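Engineer: Two chains, each in its own frame: build the complex with the hints.
The residues making up each chain are set out below.
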Amino acid sequence: MPSYLFWLFSTIMLIGGAAVIAFRNPVSSALSVVTCFVGLAGLFIGLSAFFVGIIQILVYTGAVMVLFLFIIMLLDLKDEQKRAKALAPLAAGIGLAIAFAVQLIGILSRTPDKIAPPLDAEALASAAGHFNEGTKIAAALKDGRLPDVHLIGHTLFTQYNLPFQILGVLLLVATVGVVVLSKKSVGSD
Amino acid sequence: MASLNDYLLASGLLFAIGLSGVVIRRNIIVVFMCLELMLSAANLSLVAFSRFNPVNGLPDYNGQMLVFFVVTVAAAEVAVGLAIIVALYRSRQTIHTDELTSLKG
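Residue numbers (our numbering), protein chains in the order written: chain S, 4 to 192; chain D, 5 to 109.
Keep in mind that a hint or two might mislead.
With beta-carbon atoms standing in for the labels, derived distance ranges [to be verified]:
hint, chain 1, residue 1, chain 2, residue 2, range
1, D, 96, S, 135, 56 to 62 Å
2, S, 121, D, 66, 32 to 38 Å
3, D, 98, S, 166, 35 to 41 Å
4, S, 180, D, 108, 47 to 53 Å
5, S, 182, D, 95, 14 to 20 Å
Partner residues aside, some chain S positions facing chain D, computed with beta carbon under 7 Å [stated by the list, open to error]:
hint, residue
6, 7
7, 13
8, 20
9, 36
10, 47
11, 52
12, 53
13, 78
14, 92
15, 93
16, 116
17, 117
18, 126
19, 129
Treat the hints as calculated values from the structure; they're not laboratory data. Given the structure is predicted, the values throughout are model-derived calculations rather than measurements. Quick reminder that beta carbons are idealized off the backbone N, C-alpha and C, glycines included.
Okay, chain D solo, but in the shape it has when bound (with noise of 0.2 Å):
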């Protein structure tokens, strides 16, 4: 049987690799991907928490109520992230951060 920890560090690794792939990466679509994936570390751990923390000899639905609702909001911001993106290429021509600076001062 896996462990509490076990759950923990599956799902830490996973959200450090998403942070390691927002800052490595330039492509602006990747790096929303990353995202997704740090928002699914969170998920894990939430999901992890409800099993081993029972209420009433049941998984505690509190928390993986939560991963629905994160869930949701996630498809939500996805496709207003898109939308941007494509509107941005439209005026730009690129989707590269490095020669998105022209907020830089």
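The shape of chain S in the complex, shown without the other chains (with noise of 0.2 Å):
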């Protein structure tokens, strides 16, 4: 990624994510929130993880932040306002990131840096090897095309099998969970 699109997409994400703390008004901090996430979208797809970057879009702005939104909407938070603001927590907080951005400044300093390898044509085709002849990652590698979705299918399915599975079990307990709590308790009154 050229690296002006890497600052335009990082200054998006860092003002969006300022912006959830800046806005008294959930509304608002939800939408920064979208921006912030849509900057790191760009990143991703930057970084050639072009699906992380489309579920980053679908599964969190699409989905979590619409979530956040009717909660927000259907609790109906207005008196948020006229708040006055505790300087405790405020100080705590700003202190807290300073420190954290000075400490992480420090290390990255004395880190060595590193370059991205190239993704080019080239070095796609000679990674085609290592897959067996005739997948449809083998050819679209030696076209000089990364496959990426097919990358990530086939590490899910061969690595990641039983994983993949809990996951599934994890997102049936959730739904059911969920609905357990939010249920208004009908029988015990």
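Structural biologist: Structure, rendered in structure tokens:
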């Protein structure tokens, strides 16, 4: 990814993140999270992780943030604007963020830097030898394209088959748990 | 070309923003959104490491699998957390963390 796109998307992401804290209205905060995640998806796509970028948009901004907005509007929160801001948590939060950023810059300035290995047609064609002849992955790699979704599917269903099924059980448990939690207890009274 | 440290810096700053949001904000829904920001910051580090440490000339897809699992678990966590918030609001009529002090000794 060219550098100016990296700076553009990371600026969008960080401004969106800061706006989440700055806005008093929860709906504005939720929309700032959406902005932040769109910038983040741009960074993912710039890192050639196309599937993860699309998932970020579809799952996070499409499903999770819509759920947040539903709940915010369902609870109808209005009195947020009138509260006085407590100074101690504000100072603690800003101090924590600054301490974290200083530590991070200190560590990163002492670690050796890396530049991205090339993912051009030549590098992809040489990677095709590691996959069986005649598969879609090998054909796409020989053409000089990165079959991102195919490779993720291949990894998921060969190396991560059991965790994937456990994830299905987790989602089922979460669904049942949400129904139980949000059901009005009619029988108890 | 942006280097690995640039991506790690962006990711760390996003994490710091999320962390300070959890400390600063009193609205439990916004606290929850800031938790999502921190999870996404970790995802950015994972994808950056996957891209910059190639295996056989391709990005390391084990890292992106972890991102996939994190996104799925985060979606389940959000569903359960928001259901808890709705249940909390039903019983207390508030979602401000400084009014929820019944566990305070």
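Engineer: Evaluate each hint against the coordinates.
Structural biologist: Hint check:
no., hint, result
1, D:96 to S:135: 56 to 62 Å, "59 Å, holds"
2, S:121 to D:66: 32 to 38 Å, "21 Å, violated"
3, D:98 to S:166: 35 to 41 Å, "39 Å, holds"
4, S:180 to D:108: 47 to 53 Å, "27 Å, violated"
5, S:182 to D:95: 14 to 20 Å, "18 Å, holds"
6, 7, "10 Å, violated"
7, 13, "4 Å, holds"
8, 20, "4 Å, holds"
9, 36, "5 Å, holds"
10, 47, "6 Å, holds"
11, 52, "5 Å, holds"
12, 53, "10 Å, violated"
13, 78, "5 Å, holds"
14, 92, "5 Å, holds"
15, 93, "6 Å, holds"
16, 116, "5 Å, holds"
17, 117, "4 Å, holds"
18, 126, "5 Å, holds"
19, 129, "6 Å, holds"
Of the numbered hints given earlier, the model fails hints 2, 4, 6 and 12; all others are met.
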